[in-house]
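One letter stands for each residue in the lines below.
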Amino acid sequence: MGADRAILLIVLLPAAGAVLNGLLPLFWPQLRRSEALIGTIGTAVIAVPFVLAVTLFLQGFSEPEVVPFYTWMGAGDFSVSVAYRIDHLSLIMTLVVTGVGALIHLYSIGYMHGDRSFWKFFAYLNLFIFMMLNLVLADNLLVLFLGWEGVGLCSYLLIGFWYEDFKNSAAATKAFVMNRIGDFAFLLAMFILVREVGSLSFSAIFAGADQMSAGTLNAVVLLLFIGATGKSAQIPLFTWLPDAMAGPTPVSALIHAATMVTSGLYLLARMSSVVLMAPAVMAAIAVTGAVTALVAATIAIAQTDIKRVLAYSTVSQLGFMFMASGVGAFFVAIFHVVTHAFFKACLFLGSGSVIHGMHHVERKLRHEGYNGAFDPQDMRTMGGLKRFMPQTRLTYMIATLAISGIPLTAGFFSKDEILFKAFEFGYDGHAFAWFVWAVGIGTALLTAFYMTRSYMLTFEGTSRWPRAAAVHPHESPWTITGPLMVLASLSLAGGFIGLPKLAEKLGLSNWIHSYLASHGPVAEIAATAHVSTGMEIGLILLGSLVAVGGVWWAWRFFARHELAGDGHIRVRFGGLYRWWKRSYFWDEFYGKVAVKPVIDGAEKALAPLDSAVVDGLVNAVARMALRTSSMVRHLQTGVVQAYALAIVLGVVVLIALMAG
Amino acid sequence: MQVPDILSIVTFLPLVGALLTMAARSDQAIRVTALAVTTATFLISVLLWTGFSVADAAELQFVSGGFNLISEAYDIRYLLGIDGISLLLVLLTTLLGPIVVLSSWKYIDRHVKGYYTLLLILQTGMTGVFCAFDVVLFYVFFELTLIPMYFLIGIWGGEERIYAAVKFVIYTMAGSLLMLVAILYLGHAAGQAVNDGLFTTDYFKLVEYNVPISTQTWLFVLFALAFAIKVPMFPFHTWLPDAHVQAPTGGSVILAGVLLKMGTYGLVRFCLPFFPHAAAEQAVLFGTLAVIGIIYGALVSRAQPDAKKLVAYSSVSHLGFVVLGIFAFTLTSLQGAVIQMINHGLSTGALFLLVGMLYERRHTRRMADFGGIARSVPLLTFFMVLTALASAGLPGLNGFVGEFLILVGSFGSSIPGMTVLTAFATTGVILAAIYLLWMLSRIFFGPVRNEENQTMPDLNRRELIILVPLAALMILMGVMPQPFLERSEPATAQLLELVQAKQSAAPDEPSRPSQKNMPDDPVREGGFEVRAEPDTSQTQGMIPYASMLQAMDH
Amino acid sequence: MEVALSWYLTLSAVLFVIGVAGVLFRSNLIVILMSVELMLNAANVALVALSQSMGEVSGQVLVFFVMSVAAAEAAIGLAIVIAIFRNKLTVDINNINLFKW
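Chains as they are written, first to last, in the working numbering: chain Y, 1 to 660; chain W, 661 to 1214; chain P, 1215 to 1315.
Please keep in mind that the hints were generated in silico from the structure rather than gathered at the bench. On a predicted model such as this, the values are computed, not experimentally measured, just so you know. Don't be surprised by glycine CBs; every beta carbon is placed ideally from N, CA and C. Hints are not guaranteed to be accurate.
[What the hints assert, rightly or not] Taking lysine to aspartate or glutamate and the EDC-like style, the derived pairs with C-alpha atoms no more than 20 Å apart in a straight line are:
hint, chain 1, residue 1, chain 2, residue 2
1, Y, LYS581, Y, ASP375
2, Y, LYS167, W, ASP1029
3, Y, LYS386, Y, GLU460
4, Y, LYS581, Y, ASP305
5, Y, LYS604, W, ASP966
6, W, LYS766, W, ASP1118
[Said to hold, decoys possible] Now the in silico label distances, taken between C-beta atoms and shown as ranges:
hint, chain 1, residue 1, chain 2, residue 2, range
7, W, ALA689, Y, PRO597, 51 to 61 Å
8, W, ALA696, Y, ARG366, 51 to 61 Å
9, Y, LEU12, W, THR875, 53 to 63 Å
10, Y, MET658, P, ASN1309, 36 to 46 Å
11, W, ARG1026, Y, PRO597, 17 to 27 Å
12, Y, PRO597, W, SER874, 40 to 50 Å
13, Y, PHE496, W, ILE1125, 56 to 66 Å
14, W, LEU837, Y, ASP165, 53 to 63 Å
15, Y, SER203, W, VAL676, 53 to 63 Å
16, W, PRO1129, Y, LEU12, 21 to 31 Å
17, W, VAL676, Y, LEU12, 40 to 50 Å
Isolated chain Y, as found in the complex (with noise of 0.2 Å):
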């Protein structure tokens, strides 16, 4: 099969199972309840994509290959194709997108299971899937951005999924505003560009770049950062993604870690060319990554819903990708995409899998009788799972592990490498990656803390939740705990495609250098000054020590103190834990400075004014009428002869004149 056909099937299969579970369910109800069906459906049409992705994979394309379709808008001379374009990133992308796609779609199957809407959520999913391969798949800004919005609205209405609680649908829309206001700078990144280079077409696009000035660059790579923040969460727009967190759980899995929030970082290696030429723009890019990735991990630490604190987590582990962006790391901030997508999407779906467990316990204390409350997603009532989803358990243990950095997990490769870069930026002889670096260090340390505490406070411990002797949680079935396994291992295994440097000495190169940047489009800084060996190897011992020992320290104090282990650590921060615990206050800021004005203005400023100024105008210029005809009228007298005496006197003041 040709990559054109290839392609073209890759992108329509999941808008076709979109259809199919969407738009007929809707129109014959009766098909709404075969969920065997729906599934299969909504699974093979992300599944067949993937295995084609796997064959396109083993054909190489180390040389882009464009595949066109048809001219999608064209007015004078600015002209947009749909057209795809398949490289090494593009590829890797879509092969984690379809992979971890399939798994969570299988996974569903179980998740959702019974839900009225087991359809919709599958159209949805389905939907997503397309819009994501068109985001990833693009070969230029515009198809991009119609992936991009597309995902978005995908998001939206996965959170708002269940909404017939306020709470959800409010959620959905506060992360499709947020989302466009980053998709407005997106836009203006784009309209600078079409002035500019009269094309939105990746190479179009990298080939004129360099014919505009500093400071244009500078605005067009700024703004599409920007972008970037909104899509992936990173201050000052990353306040939606915890919110979304009131979607079904295989949303969150899928969309809000895995896969669309990665969206931001993917259009950076895409552009990566464009933003290497804007040095300034990329220590403002590196800074803020750092400084999301410890405020959000310090926020996780005092959170309490599992799915929250995973929430934080992915905005964190996002904050660290884009620190390798910024210091010019692209590949290996597409490294940390793909491993973060295994075992982040593990511990979501782990989560899911506790949830679902915690679901069932709820049901029965409900049938018991219990009237208090209950919410299955707090940790606080969870402790001890592990005795009843011991599968659950190992695998949420081996993504933790992971997700701290272990030695030889998928996430000590990756976050290493992204340590490393930055220290070798720094040593570079750009003063801000040091900064960069040692928050990176901090932030890894309190990752491996707080992910432990999620992981102890859940599965170790005494069970927490009412009546824990009589009623339990039971393991999930296998199309729950099947994915959870296939990505456990992955998580395990999936560093090994990025050694560092290090390995070069025993003759094992780095695949996804070679992968991405070697041989691909991914652009890099080419380093002048190379750290030594000597250093390196002490660099990676700082990195397990740092993993080994957050999670060693998490693990103990937990292990003792249990539930009891928050309330020593809100003593030791006082107020500041206060702030991490509230999300330091951000929602409320912006609420203050930016949502209330707006609103507060509209309703009671403007809308008054429009009615009372600019229509009372109008209507003033319609009583002044009203008022000089009333004037004018007394001349309508009603007595004929008056008339009569007018036309008189007019008569004789003609003849006068006339006369005259």
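Chains W and P: place on chain Y using the hints.
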């Protein structure tokens, strides 16, 4: 194959239909007649699309008439024709015809005969506006739309229908009377200059006439004011929410779908080519008002408790984009403006239809009275979400194409200040998301607060027939807008070329337009020849742009 | 004694002015109608006199037209007066001001 005077048939068939409905006895017969007539009109108008020659899209096609309307003493002609721009707008009008008839099927239950008769007369007026190539004829059609609309609002409207109807008529009439003065002056002046002293309102002769710089500004203001009120542009928009909220659903759909486009169409068709210097001078002013309209309309929209009023104000915002695109003077933005007119007609028309369907179910339009109805009316929810997203400019749906082309074109405009204005206009994409999603979440999501909402019936077959074509077009025009764009592009390109040629020419001297892109020979061999060939009887009426450009080059 | 043309014309003018004054200043509708008749007949006098002095008959022909108009006017006018009287029980013009403001 040349169907004789197909354009006149499309224009006047509804008027004939109006006579038929007047003769019909029962209410049902009236409805069926109206539906049959509008459907037939639409089907015939499809011939315009299929018979339209894309290669000659800049030329006037399907020319109909050409004879003098009043007497030989005045060069005022009955002259209908379409180029690419008109084609799209005529099709929009004829498509909305049967949709509006169907949407009123149950809702209009008193004075049925009057309603459908007026509706059909209105359609003739609207179609004529987009086909007329004589300014007086245009004016007649332009005003012809006013009277039926006045009664539609005033008789079948809501609580304050009289106020709204009177305001609508007087406001727009005030503008168009000023335009009439300008038309008379222009016809006289052009007659002196290019028509051997014979008063003329022939479109092509007026285009040929270079209005002296000193008078351009005044004439431009008179024309532009009439159209600005019709669009409506900030700050002349306040008749719109009143008219929309009071009008019956069908009236709102026509108002938003077609009537407002008459304003933007007028700006493109008359203001730019007649008064290019004045238009260029005032471009920043109009751009600024447009951008204020975009942001202001969106914010005020967010503040409305009434769903219909929200949609009404969103029109102010959306048409701001169109005006911005027109006054940016780039081909990309002008193309965007044309396509955005169609998009707005489809998506805002659909929004009004959907709000009307909600109203028919619950007899309220206050968003607070709904909430959580997604469960009871999944189909209605689906269409509303789709339409709202199209309206908010989501890529892949129609709204995005127009908005993006307008913005990307305006951003590259050479008019100083346009770049900054475009940047401000782009905030409209954020604001549109805010008010539309707010509406969705208030009406459809959240818990069901009202018992009546539990048992609300979903869309019936008639409503599906109304909505499906609109939804399909929204998706089609989002995914594949090229067939639409390529039909209007030659016309907009030539219009813009003409404007630029006039602008670059020294004031009050014969202009020297560039000669590129000029067809060598307007007569094509074989195939169907739909363009008006200047035969003896019609020579005066038919000066397509290309030959006109040559004429200007004397 | 020869009666000069100017005498006839003077008589006609006097009659006409009396008629105008009657229309303008009397308040009884019937009197107003009669004043209108007076104005018409003033015109008739002038027409006949001029016709006679110019030796031209068309002026006399015109008089017949005026007389028939006057007759018709009187008929319609009186009919209206009667109709008004039946409605308002008065023929005082000061009380008939339906078009006031």
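Going through the hints against the structure:
no., hint, verdict
1, Y:LYS581 x Y:ASP375, "18 Å, holds"
2, Y:LYS167 x W:ASP1029, "18 Å, holds"
3, Y:LYS386 x Y:GLU460, "6 Å, holds"
4, Y:LYS581 x Y:ASP305, "11 Å, holds"
5, Y:LYS604 x W:ASP966, "16 Å, holds"
6, W:LYS766 x W:ASP1118, "15 Å, holds"
7, W:ALA689 x Y:PRO597: 51 to 61 Å, "57 Å, holds"
8, W:ALA696 x Y:ARG366: 51 to 61 Å, "60 Å, holds"
9, Y:LEU12 x W:THR875: 53 to 63 Å, "58 Å, holds"
10, Y:MET658 x P:ASN1309: 36 to 46 Å, "38 Å, holds"
11, W:ARG1026 x Y:PRO597: 17 to 27 Å, "25 Å, holds"
12, Y:PRO597 x W:SER874: 40 to 50 Å, "47 Å, holds"
13, Y:PHE496 x W:ILE1125: 56 to 66 Å, "59 Å, holds"
14, W:LEU837 x Y:ASP165: 53 to 63 Å, "56 Å, holds"
15, Y:SER203 x W:VAL676: 53 to 63 Å, "57 Å, holds"
16, W:PRO1129 x Y:LEU12: 21 to 31 Å, "24 Å, holds"
17, W:VAL676 x Y:LEU12: 40 to 50 Å, "47 Å, holds"
The structure meets every hint from the earlier list without exception.
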